[in-house]
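Input sequences plus hints: build the corresponding full structure.
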Amino acid sequence: MSADAAVLLALVLPAVGALGLSLVGRWPNLRETVTLLAGLATFGTVAGLVPEVAGGARPGFRATEVLPGLELEFELEPLGLLYALVASGLWIPTSVYSIGYMRGHGESNQTRFFACFALSISAALGVAFAANLFTLFLFYELLTFSTYPLVTHRGTPEALAGGRVYLGVLLTTSVGLLLLALVWTAQLAGTLSFTQGGILAGHADPLTGGLLLGLFAFGIGKAALMPFHRWLPAAMVAPAPVSALLHAVAVVKAGVFSLLKVILYVFGLDFLREGQISLWLMYAASATILIASLVALRQDNLKRRLAYSTVAQLAYIVLGGALATAGGVLGGGMHIATHALGKITLFFCAGAIDVALHKTRVSELDGVGRRMPFTLAAFALASFSIIGLPPFGGAWSKWYLLLGAAEGHQLVFLGVLTLSSLLSAGYLLPVVGRAFFAAPSEPGGGLREAPALCVAPLGFTALGCLALFFLAPALYALLEPLVRN
Amino acid sequence: MSEHLPVLQVVIPLLCAPLALLVRREAAVRTLAFAAAAASFAISVALLVSVLADGPISYPLGGWYPPLGIEYRVDTLSAFVLCVVSGVAAVLLPLGPGRGGHGLPSGRLHWFYAALLLAQAGLLGVTITGDLFNVFVFLEISSLASYVLVGLGSDRRALRAAFTYLVMGTIGGTFVLIGIGFAYQMTGTLNLDDLAQRLPEVRHKSTMLAAFAFLSVGVSLKLAVFPLHQWLPNAYAYAPPVVSAFLAATATKVAYYLLARLVFTVFGVAYVFGELGLGWLLFPLSLAAIFAGALAAIRQTDVKKLLAYSSVSQIGYLTLGLSFASLSGLTGGLVHLFNHALTKGGLFLAVACVVARSGSSRLDDWRGIGRRMPWTMAAFVAGGLGLIGVPGTAGFVSKWYLVQAALEAGRAELALGILASSLLAVVYVWRVVETAYFRDPGGPETRAEAPLSLLGPTWVLIGASLYFGVFTEWSAGVASKAAAMLLGVGP
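Taken in sequence, the protein lines are chains A and B. Using the numbering used here, you'd call the opening residue of the first sequence number 466 and step up by one each time. Using the numbering used here, you'd call the opening residue of the second sequence number 23 and step up by one each time.
Because the hints were derived from the structure by calculation, they are not lab data. None of these values were measured; they are calculated from a predicted model. We treat Cβ as the ideally placed atom computed from N, Cα and C, and that holds for glycine. Some hints could be false.
As the list claims (entries may be wrong) - Stretches of chain A that chain B covers, calculated by requiring three or more beta carbons in the stretch to come under 8 Å of a beta carbon on chain B: (1) 530 to 538; (2) 620 to 634; (3) 806 to 820.
Claimed, not checked - On the chain B side, residues computed to face chain A include the following (Cβ under 8 Å): (4) L307; (5) V412; (6) P413; (7) V419; (8) V425; (9) L441; (10) S444; (11) L445; (12) F460; (13) F493; (14) T494.
This is the structure we're talking about:
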């Protein structure tokens, strides 16, 4: 099979899986088998593309030209490959976890749930493979719509209200700002194709560039740059697996990934640096990092705390891109992977605690570590990775981000990054501390872990955080061509 | 034979209408109507293909050559609109008024078909004729038939809606007739091309100004340009759902065609936009339509009325595209004519499906309907996404052109307005989606999908609206050729 065909296959496999599992929805075991098979096949296909892309090939294909200049076209480059690997790879443990969680919780409409889940993976891969802004936009919107039923899954008034915020913010930004940016870019540059070195240089003065960058940065609402971050906490009404995969990995990373693509392939690093276009974005990202971290400190609901932590961590990646230096982009790119593994583990843990003990607040977690040692140990490992401690993957992405700030002579942001590491320790470690060292609030109760199907995936992803520390050279080698001149 | 295609286009449905009254038997009438609609669709497509290959066709009616005789004239634009009208008719005609959606006693269905065929013949006639008085005649044929069709609604309020429609429509028709009279008095011709040639000499006379005013206001009434849209919401809401689908997809679209024809072919851009400054009037009115329609749609508790107000809003996009008087703007307007016909026709048909099963188009009765009628509601969602203009649907293609036109004209505020109004569309579409999928029906949930005879046509239209969101050679491609022709910048 040629690499081009593999790109198409990876794109349609989850959608075919969605169709297949809808057809066999009446038999839960068969349905879940289809989900897992689709997940394995998709990840296998994406992983099979690694040698090609690492070798410098850019497999892809052109489906059709919708309007003159608007092509539906796919091309796989290193950053897209990384995002596709993360999204499709983490789909597998999430599927296993979903089975345990959904059954443990006795949720209804499970077939719709699994079908929409698979569809959103297809959409995420479309975003990853997009060869131009139009294709990216199309799948970006598809991702919004296919995840909406997951957010409102429970159908309660809170879920519907959360869904409205979710859809409202994401569509307002994408239709109101991103689409405008698209049309404007098409008019200025005459093309929307992602091109190494950018397409805007020479077509836009720095002021126009700054305005456009603003439209992109806020228009890509999935990147959750303040003040358009509200959808992320609102989406926390969704079941835990949704929060885990979609709101720690696929959806939010689609946002920052798209922004990095825009920075790399629409603006181009040189254009951004020379015109000082992205300076304001560095400050905006820093403000988001600090404010979201402070808000996270004050959240008692565990999932909401993690949601605000996600807002802050996403802004790291935005900051990395805005620095427009080699280190910044590499660090941002790596952070897509390292934060994904860390945050998905944390959300898995929050869900597991909910399933096993029905506790959702940090203040209720005193002594929980004794009852759920595996889950909380995984929580601790993932926390270390998010804070950026070695030997966990998060250490590397922070390291390159710091390097990027130094490289751009933006010393303020060295301070921001350091401070935010302390803040993230401040909102994550107390959870671990309470769980293991505080006296239990209610007496009695022995070991009471969540179902094995929940615990195994979170253990797996926690170990993944550790493994990423040692896989960093491979990541570096994959991403390095992005910043090579 | 093939040289007579232009006249057959109109004559076939026109003759089949009285034939339907003679045949009377329902199955036979249905077959006859479908045969007529299919034949006229085939002719439209043949005409479009021929026009694209060999240029405009002029057909002298009865062998009398213009400017004395009546000329039927097919160019890219009229062939494009003919395809839309006859295509939608071919999908809709076999349906009949839909179960429970009409007030006809059984055995009287042939009246319905006769009216529908007449309406179709009138609309096709307006589009194809090159003679101004003939335009009026066909306009009235289609309008009179439409009043009857609206009045067939099962609700008694349908009669009032039809009466309002009749009064407003007749005022519009009269205005058009007065305008034609003035134009004839000043130029001594009724042929559109001839008129266009003779106009420059007399267009500064106040009579000519009055002619233009009467014509454009009269046509705008038929098109339901804000604030002349008052007849539309009730007419669409109380007509049988299939009729709403037909009218929404064709009647206003032909009125739009007529307006574009008058402005660009007959009176000319320089006169209308340069000297009269129509843009200054049409921009604010279009924006007002877009926003007022969408805001009203948000407040509706009846899905048909919601869609009707959404039509008011979408007509605003059409006129907005026209008021740019630029290639991308006009292309956007014309392609939206095409896209919106498919989308809104499909949406009204989805309502027809629900009405056929549950008998109600009230939003409150739609709770949980997503599980009872999954295919119908999937079509509704797809159509709704088209109204919003999500990429991958036909609606996106129209919006792309319109936003581009706004930016080209240096009117960023209009671009923002277009995009902001899409968000209002999200609100009204999502009210339905939320009710259908996530609100508890409080009753048993048994799967009760609409009959295939209704569901099939629904999906044909919705499927087409998705197809033309990705493959646009025959929608945007032809629309841009037609726009170039109107502006005189291309063949």
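Results for each hint:
Given a C-beta distance limit of less than 8 Å, the hint that chain B covers the segment 530 to 538 of chain A holds, as 4 residues qualify and 3 suffice. Against chain B, the segment 620 to 634 of chain A contributes 7 residues with a C-beta closer than 8 Å to a partner C-beta. That satisfies the three-residue criterion, and the hint holds. For the segment 806 to 820 of chain A, the stated coverage by chain B is violated: 0 residues have a C-beta nearer than 8 Å to a C-beta of that chain, whereas at least 3 were required. For B:L307, the suggested interface contact is broken, since its CB lies about 23 Å from the closest CB of chain A, more than 8 Å.
Of the supplied interface hints, the one on B:V412 holds, with its beta-carbon coming within about 5 Å of a beta-carbon of chain A, less than 8 Å. Proximity of B:P413 to chain A holds as hinted, the smallest CB-CB distance being about 4 Å (cut-off 8 Å). With 8 Å as the threshold, the beta carbon of B:V419 comes within range of chain A, its nearest partner Cβ sitting at about 6 Å, so the hint holds. Against a cut-off of 8 Å between C-beta atoms, the interface hint on B:V425 holds, since the closest Cβ of chain A lies about 5 Å away.
The closest approach between the C-beta of B:L441 and any C-beta of chain A is roughly 5 Å, which is under the 8 Å cut-off, so the hint is satisfied. With 8 Å as the threshold, the beta carbon of B:S444 comes within range of chain A, its nearest partner Cβ sitting at about 5 Å, so the hint holds. About 6 Å separates the beta-carbon of B:L445 from the nearest beta-carbon of chain A, less than 8 Å, and the hint is met. The beta carbon of B:F460 comes within 5 Å of a beta carbon in chain A, closer than 8 Å, and the hint placing it at the interface holds.
Taking 8 Å as the C-beta contact cut-off toward chain A, the hint placing B:F493 at the interface holds, the least distance being around 6 Å. The restraint placing B:T494 at the interface with chain A holds, with a minimum CB-CB distance near 6 Å, inside the 8 Å limit.
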